[in-house]
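K.L.:
Work out the full structure, taking the sequences as your base and the hints as a guide.
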Amino acid sequence: MDSVILKTAVRFLLPLLLLASIFLFLRGHNEPGGGFVGGLVAGGAIALYAITRSAAAARQLVRASPRLLIGSGLLLALGSGLAPLFFGRPFLTALWTTTTTAVLGELHIGTPLLFDLGVYCVVTGVTLAFVFTLLEE
Amino acid sequence: MNAQVAVVLPIVLPLATMTVLLLTWKSIVAQKVIGVVGSTLLLMSATALLWLVARHNILVLQVGSWPAPFGITLVADRLSSIMVMLAGLMAFAVSVYSLATIDDRRVAFGFHPLVQLLLMGVCGAFLTGDLFNLYVWFEVMLIASFVLLTLGGERGQLEGAIKYVALNLISSAVFLAAIGVIYAATGTLNMADLALKLRSFPDQNVVSVLAMLFLIAFGTKAAVFPLFFWLPASYHTPPVAVSAIFAGLLTKVGVYSLMRAFTLLFVTELEFTHNLLLLIAGLTMVTGVLGAMAQSEIRRILSFHIVSQIGYMLMGLALFTPLALAGSVFYIIHHIVVKTNLFLIGGMIEQRFGTGLLAKSGGLYRSAPVLATLFFLAAMSLAGVPPLSGFFAKMTLIRGGLEAERYAIVVAALVVSLLTLFSMTKIWTEAFWKPAPVDAATDVRLGDQSWTDRFFLCGPTILLTTITVGIGVMAGPVMDAALAASEQLLDQNAYIEAVLSVGSRESTRP
Numbered sequence: 001m002d003s004v005i006l007k008t009a010v011r012f013l014l015p016l017l018l019l020a021s022i023f024l025f026l027r028g029h030n031e032p033g034g035g036f037v038g039g040l041v042a043g044g045a046i047a048l049y050a051i052t053r054s055a056a057a058a059r060q061l062v063r064a065s066p067r068l069l070i071g072s073g074l075l076l077a078l079g080s081g082l083a084p085l086f087f088g089r090p091f092l093t094a095l096w097t098t099t100t101t102a103v104l105g106e107l108h109i110g111t112p113l114l115f116d117l118g119v120y121c122v123v124t125g126v127t128l129a130f131v132f133t134l135l136e137e
Numbered sequence: 138m139n140a141q142v143a144v145v146l147p148i149v150l151p152l153a154t155m156t157v158l159l160l161t162w163k164s165i166v167a168q169k170v171i172g173v174v175g176s177t178l179l180l181m182s183a184t185a186l187l188w189l190v191a192r193h194n195i196l197v198l199q200v201g202s203w204p205a206p207f208g209i210t211l212v213a214d215r216l217s218s219i220m221v222m223l224a225g226l227m228a229f230a231v232s233v234y235s236l237a238t239i240d241d242r243r244v245a246f247g248f249h250p251l252v253q254l255l256l257m258g259v260c261g262a263f264l265t266g267d268l269f270n271l272y273v274w275f276e277v278m279l280i281a282s283f284v285l286l287t288l289g290g291e292r293g294q295l296e297g298a299i300k301y302v303a304l305n306l307i308s309s310a311v312f313l314a315a316i317g318v319i320y321a322a323t324g325t326l327n328m329a330d331l332a333l334k335l336r337s338f339p340d341q342n343v344v345s346v347l348a349m350l351f352l353i354a355f356g357t358k359a360a361v362f363p364l365f366f367w368l369p370a371s372y373h374t375p376p377v378a379v380s381a382i383f384a385g386l387l388t389k390v391g392v393y394s395l396m397r398a399f400t401l402l403f404v405t406e407l408e409f410t411h412n413l414l415l416l417i418a419g420l421t422m423v424t425g426v427l428g429a430m431a432q433s434e435i436r437r438i439l440s441f442h443i444v445s446q447i448g449y450m451l452m453g454l455a456l457f458t459p460l461a462l463a464g465s466v467f468y469i470i471h472h473i474v475v476k477t478n479l480f481l482i483g484g485m486i487e488q489r490f491g492t493g494l495l496a497k498s499g500g501l502y503r504s505a506p507v508l509a510t511l512f513f514l515a516a517m518s519l520a521g522v523p524p525l526s527g528f529f530a531k532m533t534l535i536r537g538g539l540e541a542e543r544y545a546i547v548v549a550a551l552v553v554s555l556l557t558l559f560s561m562t563k564i565w566t567e568a569f570w571k572p573a574p575v576d577a578a579t580d581v582r583l584g585d586q587s588w589t590d591r592f593f594l595c596g597p598t599i600l601l602t603t604i605t606v607g608i609g610v611m612a613g614p615v616m617d618a619a620l621a622a623s624e625q626l627l628d629q630n631a632y633i634e635a636v637l638s639v640g641s642r643e644s645t646r647p
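Which chain is which? The protein sequence lines are Z and F, in order.
All residue numbers for the first sequence refer to the numbering used here, where the first residue is 1 and numbers rise by one.
All residue numbers for the second sequence refer to the numbering used here, where the first residue is 138 and numbers rise by one.
Because the hints were derived from the structure by calculation, they are not lab data.
Just to be clear, a hint being listed does not mean it is correct.
Among the chain F residues that face chain Z by a calculated CB cut under 8 Å, a handful are [as the list claims (entries may be wrong)]:
no.	residue
1	LEU160
2	VAL200
3	VAL302
Take a look, some chain Z residues computed to stay more than 12 Å from chain F by CB distance [unchecked claim]:
no.	residue
4	ALA77
5	ARG89
6	PRO112
FRET-style restraints, in silico, Cβ to Cβ [stated by the list, open to error]:
no.	chain 1	residue 1	chain 2	residue 2	range
7	Z	LEU18	F	LEU420	56 to 62 Å
8	Z	LEU95	F	LEU551	54 to 60 Å
9	Z	LEU61	F	PRO363	53 to 59 Å
Every residue gets a Cβ at the ideal spot worked out from N, C-alpha and C, and that includes glycine.
P.N.:
Here it is in structure tokens:
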């Protein structure tokens with residue numbers, strides 16, 4: 001689409017939307033948000049870029065093909081589900097650990113974060129696969 | 138193998154295979170190799186599960202360690218493990234067969250990942266102990282089947298798919314509505330917990346209404362009378378490997394769900410529900426076989442026979458005695474193997490003549506004696522001729538019917554059996570015995586194909602035929618397994634206790 005206003009706006013919107021998607025993704029642990037919404041926002045941001053430039057330009061921006069995103073996302077989610085099996089716990093049981101980092105202080109992280117990251121990748125990948133296919137028709 | 142791993146493997150393995158297939162999308166060779174390896178692994182894990190369940194009776198897994206009525210429970214009892222085993226076997230046979238029959242264009246569009254997705258849905262439906270989770274597995278299975286059915290985009294495929302998709306979406310909507318109502322009525326969706334709550338439910342009329350809703354939902358998927366018409370309209374359209382796996386597994390997921398629901402959940406109003414089931418069983422048998430007799434194309438005939446056979450499976454469930462139910466289980470084992478095999482053989486006939494029309498084929502008895510033998514054994518088994526697997530399956534059901542003194546259904550079963558024989562003889566005389574038609578130049582001999590293609594075509598059918606004969610020869614052990622499964626189905630308390638006790642023991646979460 002050839003619109004100067006949209007093109008200029010996207011230049012600012014793209015990083016903002018991507019940041020918002022990461023915010024939503026991390027916030028999803030205890031509050032509304034999560035990998036699915038985060039992935040949708042990320043997919044939407046890149047779709048906006050693809051609409052103003054071209055699908056090819058957007059593909060170059062993402063580098064990874066949508067299919068790779070979907071595959072690796074599924075692998076991440078599956079891995080987080082299988083991890084507890086090695087500790088003798090049932091499939092998909094959440095494993096938690098607390099680590100202390102210099103910047104963020106004490107962090108409570110576990111396999112659900114990994115699972116959500118998988119969802120994030122899959123949703124972004126699926127959205128981009130749709131958008132790219134439609135734009136390249 | 139650890140029991141907790143064994144229960145979840147038949148679901149995880151297809152998912153893992155599908156993921157790897159997604160990452161190796163570009164290479165057609167990799168797609169084919171990984172597809173077959175994945176199906177082989179599924180078969181192995183299913184065998185392990187069958188063996189473990191035979192030793193430990195019921196294996197229960199609370200996914201994510203959430204205790205029973207709240208989390209999702211996976212339950213592997215004898216029936217589930219038998220079904221998963223059959224799914225693994227069909228997956229293996231069909232993925233090998235697909236190597237020679239599915240063109241590279243369809244492989245490039247993701248045939249193998251979709252088959253794995255379908256298998257994940259099927260195995261999940263067999264293993265889940267939660268109604269809503271069952272709905273989710275149904276959807277996984279259906280979405281994969283929608284795409285598999287239309288993959289290739291031929292005109293006939295799309296026409297068949299419209300009916301298939303429409304009917305299945307309606308049945309899914311009914312299923313979802315039924316789940317909503319049952320949750321509102323009882324406040325739980327865990328099947329073991331539901332079985333307990335429905336027993337002491339104050340208004341049994343509500344339970345009957347729920348039973349009917351589930352009967353419509355599962356009945357449409359299982360293709361029972363009068364909800365079966367989507368099946369013969371669509372099963373002959375996709376490539377043979379696809380219709381073979383549909384024929385073997387998809388309707389049987391519906392039958393399995395019916396068996397689960399009407400042995401575990403809706404057993405308080407037997408007089409009403411199971412008598413209705415018996416009526417439906419009889420009508421399904423008769424209409425299916427009559428439909429088959431009117432057809433003149435191999436896969437259409439076979440599709441109508443699926444419907445007719447579903448009637449037999451329901452018959453045992455409706456009679457609701459240990460022997461009759463064992464007959465149903467035996468029938469499912471026999472039917473999945475034989476039906477998939479017949480579709481595969483039908484595909485080979487179609488490939489030789491370029492059409493499934495019986496009028497345009499012939500002379501195979503002379504030109505393809507091996508194929509003729511394979512078809513003869515499978516067809517006679519379907520009709521129920523001793524000593525093949527179908528004979529023992531039907532005999533058990535008929536003995537069950539006689540014991541329960543339901544003579545009408547026994548007569549129907551015998552007559553339908555005779556008509557099945559007639560219909561199989563029709564394919565035999567047309568495609569095999571009759572001299573080849575004048576334009577038989579289209580008869581592509583197997584000898585003209587490369588030896589690998591011949592192996593991929595004949596290997597699975599020979600394997601499945603051997604199993605059919607094997608079930609007949611070793612009917613004793615198979616019958617024992619079916620009887621054990623049916624006794625377990627009728628012992629609802631053991632199921633309930635197995636599911637709910639594991640929940641309470643593990644309810645102390647860290």
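K.L.:
Now tell me, hint by hint, if it's right for this structure.
P.N.:
Status of the hints after comparison with the structure:
1. LEU160: holds, 4 Å
2. VAL200: holds, 5 Å
3. VAL302: violated, 20 Å
4. ALA77: With a cut-off of 12 Å, ALA77/Z comes too close to chain F, as the shortest Cβ separation is near 9 Å.
5. ARG89: ARG89/Z is in fact no farther than 12 Å from some Cβ atom of chain F, at 6 Å.
6. PRO112: violated, 10 Å
7. LEU18/Z x LEU420/F: 56 to 62 Å: holds, 60 Å
8. LEU95/Z x LEU551/F: 54 to 60 Å: At 59 Å between Cβs, range holds.
9. LEU61/Z x PRO363/F: 53 to 59 Å: With a Cβ separation near 55 Å, LEU61/Z and PRO363/F satisfy 53 to 59 Å, so the hint holds.
Of the numbered hints stated above, those contradicted by the structure are hints 3, 4, 5, 6, listed in ascending order.
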